[in-house]
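Undergrad: Could you put together the complete structure from these sequences and hints?
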Amino acid sequence: MISADLLHEARLRAGLTQAELGRRVHRSQSQIARWERGDVKPSLETLRELIRACGLELTFGLANYDDSYDEWILRALERTPEERLAHAVQAAGVWREFQASVEEARERAAV
Amino acid sequence: MSEPRFDPKPLLNALQRHDVDFIVVGAAAAISQGSPLPTYDLDVTPARDPQNIERIVAALVDLDAKLRTPAEPVPFPIDARMLARGEAWTLDTRFGSLDLVFAPAGTQGYDDLRRDALLVDLGTDRPVLVASIRDVIRMKEASAREKDRMQLPALRRTLDVIRRREHEA
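Quick note, the sequences are listed as chains A and B, same order.
Number 169 in the numbering used here belongs to position 46 of the first sequence; there are no gaps in the numbering.
Number 20 in the numbering used here belongs to position 14 of the second sequence; there are no gaps in the numbering.
FYI, nobody ran anything at the bench for these hints, they're computed from the structure.
All values reported here derive from a predicted model rather than from experimental measurement.
Glycine is no exception: its CB is placed at the ideal position from the N, C-alpha and C atoms.
Any given hint could be a false lead.
[To be verified] Partial selection, computed: residues in chain A whose CB lies under 8 Å from chain B:
1. Asp-128
2. Glu-132
3. Arg-136
4. Gly-138
5. Gly-178
6. Leu-181
7. Phe-183
8. Leu-185
9. Asp-193
10. Trp-195
11. Leu-197
12. Ala-199
13. Leu-200
14. Val-212
15. Glu-220
TA: Listed below in structure tokens is the structure:
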């Protein structure tokens with residue numbers, strides 16, 4: 124779904140309908156829809172052409188594979204949306220208190 | 007003066023009590039769908055019609071909203087015409103920080119985000135419209151702020167995990 128998501132994101136960022144994008148790249152609206160649904164995957168070259176037609180550039184880079192967030196995401200998904208938000212707010216509060224205590228310690232050390 | 011503890015539920019309840027049409031965007035939207043990142047404020051995209059702006063004014067008065075500044079929050083005359091002229095308002099309220107963003111980066115605003123938004127139970131008086139995680143990624147990708155772009159790996163990973171679970175189910 125990576126190409127589908129990227130195409131969908133680029134088209135909406137450009138404020139285009141599927142038909143408008145289709146006209147720009149001489150493809151039908153239904154072809155754009157198939158790519159966006161992930162029914163058909165465009166080649167990398169075609170994807171780049173489609174994204175350029177939205178006024179954006181597809182950039183490339185290589186990075187190490189990183190699934191370190193997965194454990195936290197899976198844990199979050201076990202909670203209800205209400206619990207997820209409450210947990211995140213609590214975590215942010217704890218982090219803020221820690222930052223404040225570090226700041227206080229720094230000020231005490233400077234005196 | 008210490009800043010009030012951030013509590014999104016009463017903020018959302020106040021917007022709902024005044025019948026404001028809005029969509030939760032930003033980190034809170036992503037968190038409600040499984041993102042592992044914390045949040046320190048509530049970002050919402052309200053509809054821009056004049057009636058809704060009037061309802062926002064009523065909610066902001068209720069919340070004792072002030073302009074957020076690097077120093078103390080600054081009181082300001084909460085006025086519909088002024089609110090409508092701004093693109094984004096960063097506010098402090100009795101329940102913490104609230105950002106109103108009429109057209110987040112990479113979007114056309116409320117109607118654009120409404121298409122893919124989810125109705126989610128966040129424990130408030132009524133379920134809340136929340137921007138899809140795909141749309142949160144769209145906004146963060148389009149943002150020029152480094153702190154937004156730094157969240158993208160976790161957000162993309164969250165979307166991957168959700169998709170994988172859906173596929174397995």
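Undergrad: Of all the hints given earlier, name the ones this structure violates by number, lowest first.
TA: Numbers 5, 6, 7, 8 and 15 - these are the hints that the structure violates, sorted from lowest upward.
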